[in-house]
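Required output: the full structure, derived from the provided sequences and hints.
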Amino acid sequence: MNNGMQRLVAAINGTASDRIPVFCNLLDQGARELGLSLEEYYSSGERVAEAQLKMRAKYGHDNVWSLFYVGKEAELLGCNKIFYAKDGPPNVGGFVIRSHDDVHRLVVPKDITAHPAFAESAKCLRILKSEVGGKYPICAYITATMALPAILMGMDQWMELLFLGPIEVRNELLAKCHDFFVQELLAYRNAGADVLVYSNPFGSTDIVPMKYFMEHSLPWIEKDIAAVGTAGVVYYCGMARFNPVIATVLQRTGLGVYYLSPFDDIREGKKIIAGRGLTCGVINDIKLIDWSEAEVTHEVKTMIEAGLPGGKFLFGTGVMPYAIPETNIRTMLEAAYRFGRLE
Amino acid sequence: MNIKQLSREFNEAIYDTDRDRALRLIHDAVANGVTPEEVVFDVVIPAIEQTVKLVGTGAELNLAQHFMTSQISSEVTEEMVRRFKKAPEILGHIVIGTARGDLHTLGKRIVIGCLQAHMVESTDLGVNVPPERFVDEAVAHHAQVIGISAMMVHTARGEEGCLKVRQILHERGLEDRIKIIVGGAPYRFDRQLYQTVQADAWAEDAISAGKTIVELIRGAKP
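The listed protein sequences correspond, in order, to chains A and B.
Note that this note's numbering numbers the first sequence so that position 123 is 123, with each residue one more than the last.
Note that this note's numbering numbers the second sequence so that position 71 is 71, with each residue one more than the last.
FYI, nobody ran anything at the bench for these hints, they're computed from the structure.
Quick caveat: nothing in here was measured; it's all calculated off a predicted structure.
Fair warning: there could be bad hints in the mix.
Pairs of lysine-lysine residues, derived as PhoX-like cross-links and limited to a Cα-Cα distance of at most 25 angstroms, are as follows [said to hold, decoys possible]:
no., chain 1, residue 1, chain 2, residue 2
1, A, LYS129, A, LYS58
2, A, LYS58, A, LYS301
3, B, LYS53, B, LYS4
4, B, LYS53, A, LYS86
5, A, LYS54, A, LYS123
6, A, LYS301, A, LYS287
7, A, LYS211, B, LYS53
8, B, LYS164, A, LYS287
9, A, LYS223, A, LYS110
What follows is the structure in structure tokens.
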């Protein structure tokens with residue numbers, strides 16, 4: 001039997017393995033696993049690492065996460081108000097940028113690894129690396145330059161600045177976000193993260209028109225990837241579809257892993273990638289809350305039947321909602337192991 | 001340029017997310033004799049309706065175009081209504097906000113922008129709105145519709161969201177007079193979710209919401 005890293009490497013290279021890699025992105029569930037509130041849970045890197053390891057051992061999936069919640073990035077850039085829920089992900093509770101002057105005032109830390117907000121993530125990564133490093137892929141989440149302003153000022157204010165200007169303020173913010181992005185990705189990679197999820201809704205034509213993607217999004221994607229290299233980087237658009245841009249991104253950046261939207265056609269995605277990279281089929285995990293076990297199994301089977309031919313396929317989830325019953329998590333994973341068997 | 005040409009070019013400007021071109025077209029048309037009423041009813045509203053029609057047809061249509069349609073429509077309508085010969089008849093009123101625990105504002109903003117052209121007044125309740133406040137404000141503003149936006153699963157399904165608003169409307173005997181519409185990402189990933197949370201309707205996107213809200217207003221008892 002292979003371990004998660006062997007399965008992932010085999011899928012990327014198209015070599016033999018016992019089954020396809022199965023990524024299950026359990027984050028908030030860690031608090032339940034340890035019997036803690038989300039606020040208590042996320043205050044400690046040791047707890048997050050402990051829960052990640054426990055959940056991986058319990059369910060048998062192939063990855064662990066160093067991500068706490070997306071708002072962590074805003075904390076590294078000055079946000080000091082996080083809004084905790086009892087049954088869902090923490091949110092940015094106060095925006096760092098409220099005016100154009102705030103853009104001028106925004107300072108990217110010289111070394112984010114020395115920032116107190118990074119300390120717990122670093123602890124978590126240290127533990128994960130020592131416990132499962134090299135055996136199970138350690139994932140990190142990094143928001144792309146073009147998407148980062150949304151968590152610093154809110155999506156609507158960012159869209160206003162992006163599309164209506166002033167252009168010089170927009171460009172100044174993007175330049176600062178790019179500096180942060182490069183530092184953050186390298187910090188996670190240096191700390192032992194193997195899989196670097198490059199999250200960019202603006203890399204999807206569900207969010208911007210193709211013309212805008214080509215003229216604005218793509219140059220920033222190229223700049224981001226040129227600065228950090230392609231190793232371990234996964235193209236992901238925050239659950240938005242991106243089949244129409246895969247060929248361009250592949251050709252212009254050399255990125256080799258594509259984490260599709262649940263609404264992307266897996267067969268089409270694989271056809272576009274055409275063996276040049278790893279296709280990740282992603283289940284609509286919001287439906288996992290209410291689906292029956294038979295429906296879960298059927299969906300997993302359908303997805304794997306679409307993705308398996310020709311190899312180089314990974315089965316994955318989005319950020320699994322807290323409300324998904326444990327039985328459905330198990331049912332989904334057991335179906336993925338069964339239908340994804342390669343021997 | 002006749003109205004048909006103006007309408008076509010205005011639509012193109014919106015699709016290209018080109019606000020400056022859209023505004024220039026309108027201003028030139030008004031300078032050349034097109035009335036403010038024609039601009040709103042024959043150009044802006046058809047542009048929104050055209051956007052709605054394209055949703056689900058496989059045509060490329062995206063969040064940026066929705067945002068710009070709303071921004072430009074709202075800006076043009078506000079300017080033109082001030083120049084109407086007589087004040088337009090208001091169709092109805094909606095109070096709108098994000099569910100308790102939810103701080104995402106984009107969807108709500110797009111909805112409000114489009115409603116202006118539909119002659120629907122809106123009261124923006126902001127973010128993280130308690131369920132009681134949705135109902136109290138709806139009553140205070142004589143609103144026919146409560147709009148609840150939620151971008152996260154737990155705020156869409158939570159006990160302090162739409163479910164609680166429904167319970168309060170029921171307890172206060174307001175269900176015939178006030179209808180609930182919900183929207184946001186979780187509803188797109190689970191198209192039956194609006195029923196689970198006991199809303200009267202949902203909208204696939206913020207642009208389509210305008211049409212559904214108008215229908216709900218017409219269906220609500222006075």
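Hinted pair LYS223(A) and LYS110(A), Cα distance within 25 angstroms: holds, 20 angstroms
Hint consistency between LYS211(A) and LYS53(B) [alpha-carbon to alpha-carbon, up to 25 angstroms]: holds, 21 angstroms
Pair hint LYS164(B) and LYS287(A), alpha-carbon separation not exceeding 25 angstroms: Distance ~22 angstroms between LYS164(B) and LYS287(A) Cα, so the pair holds.
Straight-line alpha-carbon gap LYS54(A) to LYS123(A), limit 25 angstroms: Judged against 25 angstroms, a Cα distance of about 17 angstroms means the pair holds.
Pairwise hint evaluation, LYS86(A) against LYS53(B), where the allowed Cα distance is 25 angstroms at most: violated, 39 angstroms
Restraint status (C-alpha distance of LYS301(A) to LYS287(A) at most 25 angstroms): The given pair, whose Cα atoms are some 15 angstroms apart, holds under the 25 angstroms limit.
Distance restraint between LYS129(A) and LYS58(A), which requires alpha-carbon spacing of 25 angstroms or less: Status holds; Cα separation ~19 angstroms.
Hint consistency between LYS58(A) and LYS301(A) [alpha-carbon to alpha-carbon, up to 25 angstroms]: Holds, because 22 angstroms separates the two Cα atoms, which is no more than 25 angstroms.
Proposed proximity, LYS4(B) with LYS53(B) (alpha carbon, max 25 angstroms): Satisfied, since the Cα-Cα distance of roughly 18 angstroms is no more than 25 angstroms.
Comparing the model with each numbered hint stated earlier shows that hint 4 is the single one that does not hold.
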